[in-house]
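Residue numbers (the numbering used here), protein chains in the order written: chain P, 1 to 237; chain L, 1001 to 1356.
Bear in mind the hints are in silico, worked out from the structure with no lab data behind them. Since the model is a prediction, treat every value here as computed from it, not as a measurement. There could be a bad hint or two in this list.
[Claimed, not checked] With a straight-line cut-off of 20 Å between C-alpha atoms, the simulated PhoX-like cross-links for lysine-lysine are: (1) P:92 <-> P:156; (2) P:92 <-> L:1350; (3) P:92 <-> L:1346; (4) P:131 <-> L:1346; (5) L:1194 <-> P:131; (6) L:1350 <-> P:131; (7) L:1353 <-> P:131.
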Amino acid sequence: MAILEIKNVSKFFGGLAANSNVSFEMTQGMIMGLIGPNGAGKTTLFNCITGFYPPSQGDILFDGHRMNGLKPDAVCKLGMARTWQKVRPLTKMNVVDNVMVGALCRTNSLHVAREIAMEKIKVVGLGSRVKSLAGSLPIGERKKLEVARVLATQPKLLLLDEVMGGLNPAESEEIIRLILDIKEIGITQMVIEHDMKAIMRISDKIVVLNSGEKLAEGNPQEIVSNKAVVDAYLGGE
Amino acid sequence: MRLFMHNMRGMSVFPVLLTVAAAAGLFLLPNFVESTYALHIMILIFISVIMGTGWNILGGYTGQYSVGHAAYFGIGAYTTLILMQYHHIAPWYGAWVGVVVAVAIALVVGSICFRLRGPYFTLASIAVAEIFRATALNLRLTNGAEGILITDIPPFKIGNTVITDFMSKVPFYYMGLVTLIIAIIVTRMVQNSKLGYYFQAIREDQDAAHSLGINPTAYKNAALAISVVFTSLAGSLYALYVGFIDPSTVLALDLSVHIVMICIIGGIGTIWGPAIGAVILVPFSEALRSNMIAQALIDSGLISENSRIGSFLKDQLSHAHVLIYGILLVIVILYMPDGILGFARKLLTKRRKETI
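Between the sequences and the hints, there should be enough to build the whole structure, so can you do that?
So this is what it looks like as structure tokens:
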């Protein structure tokens, strides 16, 4: 069953079509890779799906709800959460308080929120950093903090925007394992990533965007052998 | 390590005891202090603490720097006095009407101005306060630039027993003290609740907060409403105490800036910051205004009264309090960006680390 349906979604900024006529579906429990050259419209699509931009045209259906026009907070309450390409830690709050803000989406009790937060902090492996200020963390730990915080909102669908960007190979490997662990729990994920090796390894299906349009869709093998994709990345004749 | 943990727990009891002792001391103070001038300064400090604590909920915790809080101070002041003077409604009801009016207006203003972020919100808040000042200056209801002078305050009765007739400063002292304590307790409750977490999340990063299920406009309005309750009460108390209000005192930009200054100097986003800021700023500006500082310098023999500097200070220092405010603000922002409280905390943790 499709948990997320994108139907002919377009987003225009003035005359510029950042997304045009993009359609695809995601099924429950899958990891979908969203790739494309810089400026292909990946983050714009994330923003449309999570309510930061209203799509100019088309429909977004999540878990049976029509999402068009819903604000980000309502989107989050329905069970969809996103991380940010440029991390957004709540810098003057410590790690557990950051994650508690996410957990408070489902509870009014600080006590319950703290328990949920501690559990998610352990999942991402920040157990030793609970009391550190978020602003004092290095980039690798900030990325993990983002993931812990969105997990605490107890989402059905996670949208991860370049969680491996700027990380060293060891840290990327940890994130890859984390993404696969999250899949085990049964949370559906859409992942934007530039690291091709990583994306090929974790994705069940990949959608390629180029200049705002969907260029290709398929499993990793189909994508690497797709001529249009290779041309878009390496430059055609 | 065990001993250390114990110490840590002991530390958290200590401030509570200290706070209770300080509150008890303040309650008993009027029994020992004869000087009405000292009580006058205390009441002015209390009023500043109340409005600073109110502003701190919106500015300190939620990160929305309003430089227009004089509007709500003025609405509280005017509502209370207009109801008392022209409609014979006792001020202890009038002050609450003032709160309701101020909050209602604040929510309308908030739902418009909170579309703006950062400095744009601040500019809008200044503009709104100026609109209120200009309006009060031109309305017959508010008696324009002449302002409202109260003749007398009806005695406060419960049943037939007269609790107080407001002849001395003492009842104002206690009204201020009680309101101040409530304001601080409310701040504490906010800080230790979902509301406090959401306010701070919005302050730290509005978009991140939004994506985590927080409706920024709704929570900013909530912070504004709590904030305005205390600002308006401070206004009512001020109006009753001083007995005269006009647009250039209770709706002035100066006042808005004073509220923000108290918080910045004391420590923004902390429970005690505004109290510390007010305890420092209010006596300081009073001393400047009444020429006490220049006189003290001359009396101490540091500067001769007949020297050029001495006579200059004596003539001019009292007019320069705004200038000195400004210099103080620059120094605090440069060297203590977290205010005096934040600076003291940093020193303490440094020393604690060194001793361990």
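Evaluated hints:
1. P:92 <-> P:156: It is violated: about 29 Å lies between the C-alpha atoms, which goes past 20 Å.
2. P:92 <-> L:1350: Holds: residue 92 (chain P) and residue 1350 (chain L) sit about 18 Å apart, inside 20 Å.
3. P:92 <-> L:1346: holds, 14 Å
4. P:131 <-> L:1346: Judged against 20 Å, a Cα distance of about 16 Å means the pair holds.
5. L:1194 <-> P:131: holds, 19 Å
6. L:1350 <-> P:131: Holds: residue 1350 (chain L) and residue 131 (chain P) sit about 17 Å apart, inside 20 Å.
7. L:1353 <-> P:131: Measuring from Cα to Cα gives roughly 16 Å; hence the hint holds.
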